[in-house]
Amino acid sequence: MEVFSVSQINKYIKTLMDGDSLLRDVTVSGEISNFKRHSSGHYYFSVKDQNSAISAAMFKWQNRTLSFLPENGMRVLVHGRISVYEPSGQYQIIADRIQPDGVGALYEQYEKLKRALESKGYFDPERKKPIPQFPQKIAVITSPTGAAVRDILNILGRRYPLAKIDIYPSEVQGENAPAMLAAALYAANRNADCDVIIIGRGGGSMEDLWAFNSIDVIKAVIDSDIPVISAVGHETDFTLCDFVADLRAPTPSAAAELAVPDTAGVMNYLNGFMTKTQAAMERKISAGEARIASVMNLQCMKNPLTFFENKSRQLDELIVRIESSVNEQINLKEADLREVASKLSALNPLAVLARGYSIAYIDNAPLTSVKNISEGDMINIKFADGSANCRVEKTSVEEVN
1 MEVFSVSQIN
11 KYIKTLMDGD
21 SLLRDVTVSG
31 EISNFKRHSS
41 GHYYFSVKDQ
51 NSAISAAMFK
61 WQNRTLSFLP
71 ENGMRVLVHG
81 RISVYEPSGQ
91 YQIIADRIQP
101 DGVGALYEQY
111 EKLKRALESK
121 GYFDPERKKP
131 IPQFPQKIAV
141 ITSPTGAAVR
151 DILNILGRRY
161 PLAKIDIYPS
171 EVQGENAPAM
181 LAAALYAANR
191 NADCDVIIIG
201 RGGGSMEDLW
211 AFNSIDVIKA
221 VIDSDIPVIS
231 AVGHETDFTL
241 CDFVADLRAP
251 TPSAAAELAV
261 PDTAGVMNYL
271 NGFMTKTQAA
281 MERKISAGEA
291 RIASVMNLQC
301 MKNPLTFFEN
311 KSRQLDELIV
321 RIESSVNEQI
331 NLKEADLREV
341 ASKLSALNPL
351 AVLARGYSIA
361 YIDNAPLTSV
371 KNISEGDMIN
381 IKFADGSANC
391 RVEKTSVEEV
401 N
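Those letters in the sequence shown? Residues 1 to 401, by the numbering used here.
In case anyone wonders, no lab produced these hints; they're calculated from the structure. Please note that the accuracy of each hint is not assured.
List time: in silico DSBU-like cross-link candidates among lysine-lysine, alpha-carbon distance up to 30 Å [what the hints assert, rightly or not]: (1) Lys120 with Lys219; (2) Lys36 with Lys114; (3) Lys219 with Lys129; (4) Lys114 with Lys128; (5) Lys11 with Lys48.
Pairwise CB distance ranges, derived in the manner of DEER restraints [said to hold, decoys possible]: (6) Leu153 with Tyr186: 21 to 27 Å; (7) Gln314 with Glu334: 27 to 33 Å; (8) Lys128 with Lys164: 22 to 28 Å; (9) Leu270 with Ser40: 51 to 57 Å; (10) Ser55 with Lys129: 44 to 50 Å.
The structure presented is a predicted model; accordingly, all values stated were derived computationally and were not measured. Heads up, the beta-carbon is just placed ideally off N, CA and C, and yes, glycines get one too.
Go ahead and model the full structure; you've got the sequences and the hints to work with.
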C-alpha cells in the first residue's frame with residue numbers, strides 16, 4: 001500500500017485542477033460575502049449562492065483595474081481560474097475580473113458616460129451652486145406615491161414648516177421616467193419661484209435607478225438655474241445625477257434634512273444669541289452707570305460754583321505770572337537795546353565830528369590822503385554843524401612812522 005503525505009495529495013489535486021481547461025477559464029455567479037481588503041492590497045472573499053460557497057482571491061495587480069469596490073451582499077460575476085491553496089488544501093477561484101451580475105452592459109455604459117461627463121468638468125466643485133440656508137419654497141421631483149415623497153414631506157414639515165413645498169410628480173423608473181424627470185426639472189426652472197429642487201427616489205437595483213443615469217436627466221440638472229439636491233436610492237447607491245447635482249444626499253430623508261435648517265436648532269441659536277446680546281447690553285449699561293457715578297462724585301459736579309471760583313483764581317494767578325514774565329523780558333530787551341545804542345553812538349561819524357574833527361571831500365569822495373589833491377583844487381570840508389568849500393593853496397606831505 002502506497003502512503004502519501006498531505007502535501008503530496010494537495011499538490012496532486014492542484015496539478016489536476018491547474019491542468020483542467022474548464023477550470024482555467026471559468027465565470028462564477030454569486031453573492032460576495034466575508035469580503036476583506038488585506039493590507040497588501042489583495043482582496044479575499046467568498047462567492048455564495050443559496051446552497052454553497054467558494055473561496056476567492058483577487059491580487060492587487062488585478063483588482064487595481066476595478067472601477068468599483070466590491071462589498072458584502074453584492075451580486076457579481078467573477079471570472080478567473082480554479083486552483084488549490086496547498087497549505088490548507090482549500091480550492092478557490094483566483095479572480096482576474098469582477099463585474100456586477102445582471103447589469104454588466106449597463107455598468108459599462110454608466111462608466112463610459114461618467115468618464116465623459118467628468119472630462120467636461122461637470123463634476124467640478126467650482127460649478128456647484130450653494131444651497132440656500134433658509135429656503136422659502138422647495139420643489140420636490142419624485143413619484144407621488146412612493147415612500148420617498150412621504151419621508152421628504154414628513155421631515156420638511158417637522159424641521160422647517162415655514163417652507164412651502166411643491167410636488168412635481170414623475171415616474172422614477174421605466175421607459176418614461178427619464179423624459180418625465182427632465183420635464184419636471186425644466187418646469188420648476190420655468191416657474192422660477194422655488195429656492196431649491198430635490199430630485200430622487202428610494203433604493204433599488206441598478207436597473208431601477210437607471211433613469212437617473214440618463215443623459216436627459218443629466219442635461220436638465222446641469223441646465224438648472226436653481227440649486228439641485230440629488231437623493232437617489234440608499235447611501236451606497238450612486239447615480240450620475242448625484243455627481244452633476246449641486247449637492248448629493250445619501251437618501252431622500254437626508255436630502256430633506258440638508259435642504260432646510262432645523263427650526264428647533266435655529267430657535268435655540270437665536271435664544272442663545274439673544275441671551276448673549278442681553279448680557280452684553282447689561283454689561284455696557286452697568287459700565288456706563290459706573291462711569292456716570294464716578295463723574296457725579298467729582299468735586300466739580302458736587303459744588304460747581306466752588307469749581308469755577310477755583311478755576312477763576314487759578315486763571316488770575318496765571319495772568320499775573322504771564323505779565324510778570326513779559327515785563328521781565330521787556331526790561332531785559334530794553335537793557336540790551338541801550339547797550340547796542342551806546343555802541344552805535346560811539347561809532348556814529350557825527351559824534352566824532354562833534355568832538356572837533358572834520359571830513360574833507362573832493363568831488364563828493366572822502367579825502368584820505370594829501371596826495372590825492374593838488375594846489376588850486378576845490379575841496380569841501382564837513383563839520384558837525386555844517387560844511388565849507390575851500391581852495392587848496394599849498395600841500396605838504398608828512399612821513400608817517
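Now for the hints, and whether the structure bears them out:
no.: 1; hint: Lys120 with Lys219; verdict: holds (13 Å)
no.: 2; hint: Lys36 with Lys114; verdict: holds (27 Å)
no.: 3; hint: Lys219 with Lys129; verdict: holds (16 Å)
no.: 4; hint: Lys114 with Lys128; verdict: holds (17 Å)
no.: 5; hint: Lys11 with Lys48; verdict: holds (26 Å)
no.: 6; hint: Leu153 with Tyr186: 21 to 27 Å; verdict: holds (23 Å)
no.: 7; hint: Gln314 with Glu334: 27 to 33 Å; verdict: holds (31 Å)
no.: 8; hint: Lys128 with Lys164: 22 to 28 Å; verdict: holds (25 Å)
no.: 9; hint: Leu270 with Ser40: 51 to 57 Å; verdict: holds (54 Å)
no.: 10; hint: Ser55 with Lys129: 44 to 50 Å; verdict: holds (49 Å)
The structure fails none of the hints (numbered hints given earlier).
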